[in-house]
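Visitor: Residue numbers (our numbering), protein chains in the order written: chain D, 1 to 114; chain F, 1001 to 1115.
It is possible that some hints are incorrect.
[Said to hold, decoys possible] Take a look, some chain F residues computed to stay more than 10 Å from chain D by CB distance: (1) N1030; (2) S1080; (3) K1114.
[To be verified] Quick list of the computed label-pair ranges, beta carbon to beta carbon: (4) F:Q1056 x D:N18: 49 to 55 Å; (5) F:R1043 x D:G85: 42 to 48 Å; (6) D:G85 x F:Q1008: 24 to 30 Å.
Note that these hints are calculated values from the structure, not bench results. Each residue gets a CB set at the ideal place from its N, CA and C atoms; glycine is no exception.
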Amino acid sequence: DTGVSQDPRHKITKRGQNVTFRCDPISEHNRLYWYRQTLGQGPEFLTYFQNEAQLEKSRLLSDRFSAERPKGSFSTLEIQRTEQGDSAMYLCASSRRTVGNEQFFGPGTRLTVL
Amino acid sequence: AQTVTQSQPEMSVQEAETVTLSCTYDTSENNYYLFWYKQPPSRQMILVIRQEAYKQQNATENRFSVNFQKAAKSFSLKISDSQLGDTAMYFCAFVLNNAGNMLTFGGGTRLMVKP
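Next up, chain D with everything else stripped away, as it sits in the complex (with noise of 0.2 Å):
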């Protein structure tokens, strides 16, 4: 299966802590997207890559937030100093360039930060 991936699942940490996602595109895919969905609610956009170039973050990214795609394969999210406001499905998603097409999306990583 060549879907989206996104490692670790879950992870479970304690405030203060840092973590780290990776999320693995569709590999002939350029565009990389991230998501934070918390519970009973649709995803809200983070931010977004084409290629190694990150080329939108949302205001909800605070600078405890760090995402990175160096090689524009992989992509990490990093939140350092985690909070319990933290606690969300953290959703990759990838597409092509064209505007419009379908973004596939990763099964998330929940983080749930005690």
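Following the hints, position chain F against chain D.
Guide: Only chain F this time, still in chain D's reference frame:
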């Protein structure tokens, strides 16, 4: 800024019957795309159907069809012959026809198909 509203937090339907999920959106732009995504319990989100705003014809995909009313900024999803596997969260989403392609989602409708 664009907003998407789904006014039905939960719905249920009997197997084999038809159900319609509502979605409205707000934008001052003219060129955009609309989507319905399905998120089954504990499974990843998948695309159900897509509509280009410049197309007047409503999109259909097998048992799924949309009623796109551009002037009213309404985009409802009709599921015919509902199946147990249709049980999921359904999200309406919007994207502008610009370089970004970032999706704006509604709050979702939880659909339960009952046997």
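Visitor: If a hint holds in the structure, say so; if it does not, say that too.
Guide: Hint-by-hint comparison with the structure:
no.: 1; hint: N1030; verdict: holds, 14 Å
no.: 2; hint: S1080; verdict: holds, 22 Å
no.: 3; hint: K1114; verdict: holds, 21 Å
no.: 4; hint: F:Q1056 x D:N18: 49 to 55 Å; verdict: holds, 51 Å
no.: 5; hint: F:R1043 x D:G85: 42 to 48 Å; verdict: violated, 26 Å
no.: 6; hint: D:G85 x F:Q1008: 24 to 30 Å; verdict: holds, 28 Å
Against the hints set out earlier in the document, a violation occurs for number 5 only.
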